[in-house]
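Each chain, written out:
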Amino acid sequence: MPKNKNSFYIGLSILIFLTLFSIISRLIFDYQSDQQDLMNTFSTPSFEHLLGTDQYGRDVLIRISQATQLSFVLSLGITLTALIFGVTLGILAAYKGGTTDKFLGVICDILLALPGLLLVLVFLAFSPGDFLPLYLGLSLTLWIEFFKVSRAKTKSLLVEPYVESCKSLGFGFFYILKKLIIPKLLPMIFTISTFAMSTAIIAISSLSAISVGIQPPTAELGSMIVEVLPYYEEEPMLVLLPSFVIFLIVLALQLMSKRRDYA
Amino acid sequence: MTNIFYKRLFQVIIVALISSSIGFLMMHLLPGDIAMRIAAGRYGPDGLSAEIAQSVRVELGLNRPLYEQYFLSIFNFLKLDLGYSLVSGQSVIEELRVQLGYSLLLALSSFIVSLFIAIPLGIYTATTKNRFVNTIMMYLSIIIRAIPPFVLALILILIFSIWFNILPPAGFENWKYFVLPTLTLSLGLAAVSNRLINDSMNDVQNSSYFKYGRYKGLSQNITIRRHGIKNTLIPLVSFLALQSVYLIEGVVVVETIFAFPGIGHALVHAIVARDIPMIQGTILIMGLIFVFINVFVDILALYLDPRLKEKKDA
Amino acid sequence: MHKNIKIENLSIFSKDKLLVENINLEISTNKPLILLGESGSGKSLVIDALMGVLAKGLKIKGSILLDGVDLLKLSKKQRQKLWGKVITLLPQEPWRSLDPTMKVKDQVKEVRKFVYKDKILQTEQRALKELQEVKLQDFTNSYPHELSGGMCQRLTLAITHTQEGSVLLVDEPTKGLDKELCNSIVKKLNEQVNEGKLLFVITHDLQIAQNIKGTLGVMAKGKLIEYNNTEEIFNNPKNDYTKELIYAEAKYWNIEKTSIQNEKIVEVKNLSKSFGENKLFSNLSLTINKGEIVSIVGKSGSGKSSLGNIILENLHYDSGNIEKNSNYKKIQFQKIYQDPPSAFLPEQILFDGFKDLLNLHNIKEEFLHSYMEEFNLRKDLLQRKPDEISGGELQRLSIIRVLLLKPIFIFADEITSRLDPISQKEVLILVKNIVEKEGLCILLVTHDHEIAQILSHKIINLKNYKL
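Residue numbers (my numbering), protein chains in the order written: chain E, 74 to 336; chain F, 627 to 940; chain S, 37 to 503.
Heads up, some of the hints might be wrong.
In silico lysine to aspartate or glutamate, EDC-like type, Cα no more than 16 Å apart, as pairs [said to hold, decoys possible]: (1) F/K633 to E/D182; (2) S/K67 to S/E231; (3) S/K366 to E/E237; (4) S/K502 to S/E292; (5) S/K95 to S/D52; (6) E/K252 to S/D392; (7) S/K287 to S/D484; (8) E/K251 to S/E383; (9) S/K249 to S/E231; (10) E/K257 to S/E383; (11) S/K141 to S/D106; (12) S/K259 to S/E74; (13) S/K366 to S/E313; (14) S/K215 to S/E285; (15) S/K279 to S/E267; (16) S/K215 to S/D484; (17) E/K252 to S/E383; (18) S/K257 to S/E57; (19) S/K39 to S/D106; (20) E/K240 to S/E349; (21) E/K251 to S/D388; (22) S/K473 to S/E349; (23) E/K251 to S/D392; (24) F/K837 to S/E129; (25) S/K391 to S/D416; (26) S/K97 to S/E44; (27) S/K139 to F/E694; (28) E/K252 to S/D388; (29) S/K121 to S/D154; (30) F/K837 to S/D84; (31) E/K257 to E/E233; (32) S/K97 to S/D84; (33) S/K224 to S/E169; (34) S/K335 to S/E486; (35) S/K95 to S/D84; (36) E/K240 to S/D392; (37) F/K856 to S/D142.
Covered stretches of chain S, as calculated for chain F (at least 3 residues, CB under 8 Å) [claimed, not checked]: (38) 134-140; (39) 144-150.
Hints were generated in silico from the structure; no laboratory data involved. Backbone N, C-alpha and C fix where the C-beta goes; we use that ideal spot for every residue, glycine too.
Next up, chain E with everything else stripped away, as it sits in the complex:
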């Protein structure tokens, strides 16, 4: 088993580093990410442009920080949405049982009929390149894991003797929720969240890379890689940098997730 405590902190530090990098570089330099300077394309790193410029003379440092921020914010937003809906509905389904449970189960089955990316593509088919279908599609896909796990765990907890004992001693559902269910769910939710975020980031960048996701000129790591591919031989860094950033973020998130990393 990989060293759990250490890997968590390594992952966390990578993420903090990237966040700070993203914020600070934009405080220091005030270029726009789509600010072109066609006289100055493919320049080598200098004091003006710490990481050089790309094929349109745009500052690479700024583009990468912008893109990193985009990835973080978007995937975090998606994960939080999925989390809130998934966990609330999961606990609800477990507590109420009966028709509520069956109904939510049916919705899950519907969403599970198509694998995640396919579902997102269905949404994107209506307006490729837009944020809304991306956000909606990914939230709907990632919601399911939160729901299933919260529901299963809550169900198993509710049949334990100590829950029956609490009830007969006079405590209500909210006491049990606060003192038992939520503390037990938190570690699992955390693990799912880190995994969900990394799935979201990979999905977002993959979709941009195949031209149905976020499009240029918005700075997005996936599209940046693909844009610059033809110029690979002259400027390898332009391809490697965004790839490396995605790799770091995903690696960091996976290091932070404590569970056995394959489900």
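Based on these hints, arrange chains F and S on the given structure of chain E.
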């Protein structure tokens, strides 16, 4: 048993409904006049005129009331009349037939190759005394897993097509074009499954029933063979369902990057070109394949783990 | 056939603690050895040492001589070679040691096929014969999860029969099983002794210790505190702890039953309940008065707990009528659970749970502390979590928790079956005393007929209510 059957049947219906509805919704929700665009696509912008657009409209039934159109589209679906591609003009079914073949070949070989890599590797790292090998494989797996499939694809293109120039990067003309896409997908799959098999094998070796087998006097090899393998594979089977998700998603991305002429590539192109019938067709086929894989996995799980038979019926 | 095992000056220790201190034991043909002790006494470590499977990080000193050969001086491989052929093991909680994906018959066949290399037809016939001996012939093609605990025990016994080792190590043969199975297990083990095997049993069960006559060793906290012939020890125990242990059995209790008062608390009329196809009981009628203790006895799974749960409205019944004395509120009907830790929120500090309860019902904290004193519980126990204190102490806290609500009826669902004999006696006598003192009534579920006889005024055997 019957519960799973109904659930999967339900999912098949859902897939059919979703794909047929997409077409319908897209026809009517997208901006611009569909009939015009279809006509432009078919006859070119020069051949476009109001009469031609009108004839397209009538042909596709776009002038009929909405609910009639919806039922018509579902009816066509059931007839397996998926229409014609707005881009190539060919019958959707014909195109899909060809592309499906390519994609299935890609998916199946990737899966098999990944098993060839993962199973021996997983079992070896779990049973060997050499902890160093285990640690290396663990780190290697973590790293490969953190690389998005499209980046992995680009890296492999870089190594084999550009540096060493021994394999072609895109398209499909002979078996060589097959190697890199397969390699990309199988490496991604194997990176995860070899760890799964390793962990599962470790769990089994530490279990009470395994130890009891040894205490009975059975040798290590015999105990692994009789008590280890089946129990190790059980968690792998439920993981198979997840692998199929990765495969289908991977197929879409990898085919596009490698310009591999499969269904995934077709879907992406269709989305970009707004080729509605093609979008419908590809989603339908991929969805159906996914449900079938799930059914297969369910059956396999029931076969391997006798405890599930009771749970499902209860 | 080996004739003798001598354990000499055996000590086992971890980095910072001495776990087993200098014990000397002997097993010979027709003189089996029973090692009796509670969990934590060190007896499991002794059997691990004999098998050669002590956990990593534990060190061992002394010698284990099998007909003069010191097993501790052999290499790991040499000791593993003895498994199944010289030293055989009947594992603890056998349902855990059976492969869930393999049929019963195949698990029995394995030994003859792979260890003794018998021919296929022979192994098949032998397996069927052994399964017949233990009355499992109808389950040859079943899977372990389809068998009850007792049946799994018989299965592993059948497997042991196919082995030809001269040493039989038995690890807690009655743990997790009904008391009634005890006799058949004792019988089977005595048969093994008669066949000349060197038998070594570790157990916490006094019945087993008393009925397998040979040598008895009593262990507590890693030390061998008494070691003599079985009969000697039971007739004339010398050590105080041994005395407590032996006299903890219900037949030695010297108590009087509580007096019944003239106030009906619960009246059950013609009650029937089934679980699916399983008819638990029908037309059961019962009255419980204040001050009365009623016992329900029966085998596992017979539905003993259902009656109590029905009275407490935790479970629905099929037909009949239940009336509870309307002078008392619903919250005055309470339950105490079989497994003490599972009645408490697992990660909650006990004091916090009690505080919440006191606040919820506006009860003064003094009541809690006075009960703690009365039941002989140290104040600092409350600062721990449920899994950090002993079963006996936790069960007493459960009783206090219920008493704070001024109950009139307590459903005591096998409240001592997870406790050691000494704690069991303490808790049950305590319960009897509070019936007198606080004026309540108890519905007691137990599998121990002796306890039922000594404590209760009425005994209900569910066998009598099955149609």
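The hints, checked one at a time:
no., hint, verdict
1, F/K633 to E/D182, "7 Å, holds"
2, S/K67 to S/E231, "12 Å, holds"
3, S/K366 to E/E237, "14 Å, holds"
4, S/K502 to S/E292, "32 Å, violated"
5, S/K95 to S/D52, "11 Å, holds"
6, E/K252 to S/D392, "11 Å, holds"
7, S/K287 to S/D484, "11 Å, holds"
8, E/K251 to S/E383, "12 Å, holds"
9, S/K249 to S/E231, "15 Å, holds"
10, E/K257 to S/E383, "9 Å, holds"
11, S/K141 to S/D106, "36 Å, violated"
12, S/K259 to S/E74, "12 Å, holds"
13, S/K366 to S/E313, "31 Å, violated"
14, S/K215 to S/E285, "13 Å, holds"
15, S/K279 to S/E267, "14 Å, holds"
16, S/K215 to S/D484, "7 Å, holds"
17, E/K252 to S/E383, "9 Å, holds"
18, S/K257 to S/E57, "9 Å, holds"
19, S/K39 to S/D106, "14 Å, holds"
20, E/K240 to S/E349, "12 Å, holds"
21, E/K251 to S/D388, "13 Å, holds"
22, S/K473 to S/E349, "26 Å, violated"
23, E/K251 to S/D392, "13 Å, holds"
24, F/K837 to S/E129, "14 Å, holds"
25, S/K391 to S/D416, "15 Å, holds"
26, S/K97 to S/E44, "9 Å, holds"
27, S/K139 to F/E694, "59 Å, violated"
28, E/K252 to S/D388, "11 Å, holds"
29, S/K121 to S/D154, "14 Å, holds"
30, F/K837 to S/D84, "13 Å, holds"
31, E/K257 to E/E233, "13 Å, holds"
32, S/K97 to S/D84, "14 Å, holds"
33, S/K224 to S/E169, "11 Å, holds"
34, S/K335 to S/E486, "15 Å, holds"
35, S/K95 to S/D84, "12 Å, holds"
36, E/K240 to S/D392, "13 Å, holds"
37, F/K856 to S/D142, "14 Å, holds"
38, 134-140, "holds (count 5)"
39, 144-150, "holds (count 3)"
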